[in-house]
Amino acid sequence: MLAKERQNRILAIIRENNSIRMADIIKEFHVSHETARRDLDALQDQNLIMRVHGGAILAEEKATSTSMAGRTNQTDQSSAQSSGSSQSAALLSEPSQTTALQSSRTPSGMAERAAIGKSAASMIKEGETVFLSVGLTVQQIAKALRKRKNITVLTNSVLVLNELLNSDIQVYILGGMVNNSENNIEGPLALQTLMNFYVDIAFIGAGGITRELGISDYSLEVARLNEHIIRHARKSVLVAHSKKFGINCMSVTCPLDGVDTIISDTNLPVSEQEYLIKQGIETVLVNR
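Each residue of the sequence shown is one higher than the one before, starting from 1 at the first, in the UniProt record's numbering.
Where hints are given, some of them may not hold.
Below, in silico cross-link-like pairs of lysine to aspartate or glutamate (EDC-like), each with a Cα-Cα straight-line distance of 20 Å or less [claimed, not checked]: (1) Lys-149 - Glu-212; (2) Lys-235 - Glu-282; (3) Lys-243 - Glu-212; (4) Lys-27 - Glu-16; (5) Lys-235 - Glu-126; (6) Lys-243 - Glu-16; (7) Lys-118 - Glu-282; (8) Lys-235 - Asp-200; (9) Lys-125 - Asp-260; (10) Lys-143 - Asp-168.
Bear in mind the hints are in silico, worked out from the structure with no lab data behind them.
Based on the provided sequences and hints, a complete structural model is requested.
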């Protein structure tokens, strides 16, 4: 199969499901991880999709109406005006150095992720040290913290680091290898560095969440880091879009009751809500 034909089929799947996992591309088209990554990069270069941790999501055109403009972060608008660029500022408001996740399109589910991030940030008290893992939802926690003071953040996410640059937040970044395609830091050195810290609250994301496997991720490296930081935290919190429920990923982080609190959105099915309550897991659901 030619690369262009494969990319068109990948795009069709994303348009149908709003997302695709890297693992599914590899399995469906019998290609290597590198080939799957190049296909997603090619589609992202055409502004058709947006790469996220473990796969890609559908990028939707920003509307030019007043109602949509009102949902755009004010910081993004100011940046776009000052630069004089004809391209709309990305909703993620990333610095120019992280163009891999920049787009003139808005990824679906960002309103829910932003609300989850704000709810999680409200749990953090002055003087506390927190860990922020990788992922778009965790990134929204960092965005909500930018104007806070007297908080220390430990992270392995390049996106979180960029959000907190030039803020009054003290940031510690784990050492290790930078994964450019996922915008995170991983490897044995990152895990070794992590073991030297203890935090008040660890905020982690997930590639998938099920009753059978619990919390899982597409990346073994990320799953191991999250597994260990949970043990080095007074309190652990999972932040995840409701779409992550019902998905099993390759690498298991921990059982559902391995975290103290789960923050998701109100689109979470009632059956899942009831199950979490029965398991004694504190569950917070937020509106977009």
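### Task
Would you list, in rising numerical order, the hints stated earlier that this structure does not obey?
1
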